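2 protein chains.
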Amino acid sequence: MSRPARVSPDRILAAAALEFAGRGFAGARVDRIARRARVNKAMLYYHFKSKDRLYRTLLRRMFTLAAERMQTIGAAGASPAEKIDRVIAGMAAFIDEHAFFPKIVLREVADGGAHLDRETLAALAAVPRSVGAIVQQGVTSGDFGPVHPLFAYFSMLAPVMFFLAGSPIWKELAPLVTEASTPPTADFVVHQQHGMRRFLSFAPDSPARPTT
Amino acid sequence: MSRPARVSPDRILAAAALEFAGRGFAGARVDRIARRARVNKAMLYYHFKSKDRLYRTLLRRMFTLAAERMQTIGAAGASPAEKIDRVIAGMAAFIDEHAFFPKIVLREVADGGAHLDRETLAALAAVPRSVGAIVQQGVTSGDFGPVHPLFAYFSMLAPVMFFLAGSPIWKELAPLVTEASTPPTADFVVHQQHGMRRFLSFAPDSPARPTT
DNA sequence: GTCTATACTTCGATAGAC
DNA sequence: GTCTATCGAAGTATAGAC
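Just so you know, the protein sequences line up as chains A and B, in that order. Residues are numbered in my numbering as their position in the first sequence, beginning at 1, plus a constant of 878. Residues are numbered in my numbering as their position in the second sequence, beginning at 1, plus a constant of 878.
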């Protein structure tokens, strides 16, 4: 079989990922994407119809990949607590492979999902749905205390997104924040894993009234 | 005393907050800021020298305000656990008063702090430093288990930022994620408070080896 | 301090040959 | 599928009168 040799679209998507992550949708320049993909602008507009469609195509692909990884973790045989460990480590690994991912997510959250059509929104929803299902299993089995699955998703992964998206800043910020030794980036995953085990654990104590 | 009547700079900063939060630094348009502030462009460039300096002025102001609030909480007389409750509720209240704040933070994290000079970075650092000091007190007193203050800061407040910055999206997303009732936005703060109490609590159990 | 008018640049997108 | 050349719109910033 002759390969279709459709290497351009993939190269364009890879270049777009870097550009959109680094500058945001509004700040992204189509010229830069084309140049980085070693393709001229007309070629880019031939494959993708517009800047918007290029962006949405990229996001759908990334959300789908991330959701698949979370789904795989949920389908495996393991205790709920161990699955939570794997969700956190799995997302960190995914970000390690696709460094642009958390930046784009943060920007899209700030944009209020302005560039997401229904299809892309559905692809995004698959990520918290997969993770939420794992949490729900733990609640039902009694391993976890009662908690809203979507809330747990945010408590679990927002710090990972936040921390790994801005690691260069934190390295610059750390000396201004604490006199303790600079934080080893990789240890944050372990920190979050240990903490979330307790966060989600059933706690018979603590009346824990809300405080203003 | 005659009032200086310097109402323009404040109106410009207020308009800039909305514009920068809604579109990001690159997407923000100076014309829109000027129009929203009911001031012409030349006036804007008269008070602030450039788009960059306007942005940094805004950020310094917001970071300083947020840090002051955290510092007040830390200085009050209360148990470490209760202070954590107040930090979470206090940040949520601050965001409620300045809805643009978490959006700008998320964007700046994604930008890798590209627009932050040394002075603005120092203002930003005061926020995690204040919160980190509270955490450190709890660790020292034995109320909390051993934890890096900066890590705890992220685990505590990143979900709050993330959730409150994107509340319109989550409302649209929730039905696609869970068949359970839609999550009441205000309850997230209580969820995070209760969870973080356990997250930070001293846990003699759990060998908790890292999982890949 | 405040305005109008505009210089200069860069953007997203397309035309049309090959 | 791929290219060069370019259009019209929109951007940041400034000049200069008041």
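There's no promise every hint is true.
These stretches of chain B come out as covered by chain A in the derived footprint (C-beta under 8 Å, 3 or more residues) [unchecked claim]:
| hint | stretch |
| --- | --- |
| 1 | 891-897 |
| 2 | 911-925 |
| 3 | 933-947 |
| 4 | 981-992 |
| 5 | 1018-1027 |
| 6 | 1039-1045 |
To be clear about the criterion: a stretch of chain A counts as covered by chain B if any three or more of its residues have a C-beta under 8 Å from a C-beta of chain B, and this derived list gives those stretches [stated by the list, open to error]:
| hint | stretch |
| --- | --- |
| 7 | 935-948 |
| 8 | 1015-1028 |
| 9 | 1069-1079 |
Just so you know, these hints were derived from the structure itself, not from any lab. A quick note: this is a predicted structure, and the numbers were derived from the prediction, not measured. Every residue gets a Cβ at the ideal spot worked out from N, C-alpha and C, and that includes glycine.
Consistency of the hints with the structure:
1. 891-897: violated (count 0)
2. 911-925: violated (count 0)
3. 933-947: Coverage by chain A is violated for the stretch 933-947 of chain B (0 residues, Cβ < 8 Å).
4. 981-992: holds (count 9)
5. 1018-1027: holds (count 3)
6. 1039-1045: Per the Cβ count (5), the hint holds.
7. 935-948: violated (count 0)
8. 1015-1028: holds (count 4)
9. 1069-1079: holds (count 11)
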